[in-house]
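Peer 1: Take a look at the letters that make up each chain.
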Amino acid sequence: MLSIKEILIAIFAIGAIVFLERAFPFILFSKRKPPKLLRFIERYIPPLILTILLVYCLKSNFDLADLSAIVPAIIGLAITTITYLYRKNVMISISLGTIIYMIMI
Amino acid sequence: MIKIIFQVVKISLPVLFGYIAIGMPFGIMMIAAGYPFWLVPLMSIVIYAGAGQYMAVGLFAVGAGLSEILFAEALLNMRHIVYGLPLIESYKNAGKWKPYIIFALTDETYALLTTCNVPAGIKSGTFYGLISLFNHIYWIAGGVLGAIAVSIIPISFKGVDFALTALFAVLLIEQIKKTKSFLPLVIGAIVTITAIIFIPSKNILLFSICFGIVALMIFRRDNA
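Protein chains in written order, with the working numbering: chain A, 1 to 105; chain B, 1001 to 1224.
Sample of chain A residues at the chain B side, in silico, Cβ under 7 Å:
#, residue
1, Ala10
2, Phe29
3, Tyr44
4, Pro46
5, Leu48
6, Thr81
7, Tyr84
8, Ser93
9, Gly97
10, Thr98
11, Tyr101
Result set (DSS-like, lysine-lysine): computed pairs, CA atoms no more than 27 Å apart in a straight line:
#, chain 1, residue 1, chain 2, residue 2
12, A, Lys88, B, Lys1123
13, B, Lys1178, B, Lys1098
14, B, Lys1096, A, Lys31
15, B, Lys1178, A, Lys88
16, B, Lys1098, B, Lys1010
17, B, Lys1180, A, Lys36
18, B, Lys1096, B, Lys1010
19, B, Lys1003, A, Lys88
20, A, Lys36, B, Lys1177
21, B, Lys1177, A, Lys59
22, A, Lys36, B, Lys1178
23, B, Lys1098, A, Lys36
24, B, Lys1123, B, Lys1178
25, B, Lys1098, A, Lys31
26, B, Lys1123, A, Lys31
27, B, Lys1177, A, Lys88
28, B, Lys1180, A, Lys88
29, B, Lys1010, A, Lys88
30, B, Lys1098, B, Lys1003
31, A, Lys31, B, Lys1092
32, B, Lys1092, A, Lys36
33, B, Lys1003, B, Lys1123
Examples of chain A residues toward chain B, derived with CB under 7 Å:
#, residue
34, Ala13
35, Ile45
36, Leu50
37, Ile52
38, Leu53
39, Tyr56
40, Cys57
Calculated directly from the structure, the hints in this document are not laboratory data. The beta-carbon is built from N, C-alpha and C at its ideal position, and this holds for glycine as well.
Could you build all of it, start to finish, from the sequences and the hints given here?
Peer 2: Next comes the structure, spelled out in structure tokens:
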């Protein structure tokens, strides 16, 4: 276990690293014009990353040995998706999906 | 101003539930590992990265060296390097909020900001800033609640974090409507499932994002 002083140094250093990573594209393109490629990135990267985060969130429900573990998550997601497509109310869809999921697990 | 805050809270409410749910285990872990209470809010304020903070607790506990800690954290949070790209234009006029909203660009804030339109009557910088700030507050509150809860009777919040999964699903629907293409969805799902099966758990996000971007560039049909 590290001492409190070492931990404090580490906390601020980690904070600085994460900040630099987040600031990287803003620093790089503050003066020069972003390349044409950026239009592609703007359009396609957010849905790509959202899909990745979504599937990644399901990881804890994912078990090759027991595929039925994923069922509550799939049902919760189906309820959220279907109610959202019909009602367009974010809070209702998320609450319904989450409550059904919590009951099922 | 009250109307603006109300709108911001309404948009960010799913993140409140999600951050309380995933922030609490962080607070619980810190106290359980024997660290003083005040380190919990400090880390959530200064670092503000979920996976990064979880990993830090482990690295502190095993007594890892500073360079090891920083290297591991840099790799774990590598995906943030591409997060800002779609927001460069939107953040240009953010004014005094800009350094803060770049600092506070977490997965969930990124998901909200790339999907939601700025409501009428609010300056975009103020809107981005307030969404980021509220999410940050939720995250700090989650950790602190966990640290408090661990010393009181443990209540079962099992499954509340599904709110974040559901939030990503709803935002994804909006994104697909905007992009009018299922390509990112198909590629994202394939690379991530592949990564979950074959890649060590701490590298899944990084692997999926790198290969997902490469695959998108190969398979896209238009010349955007």
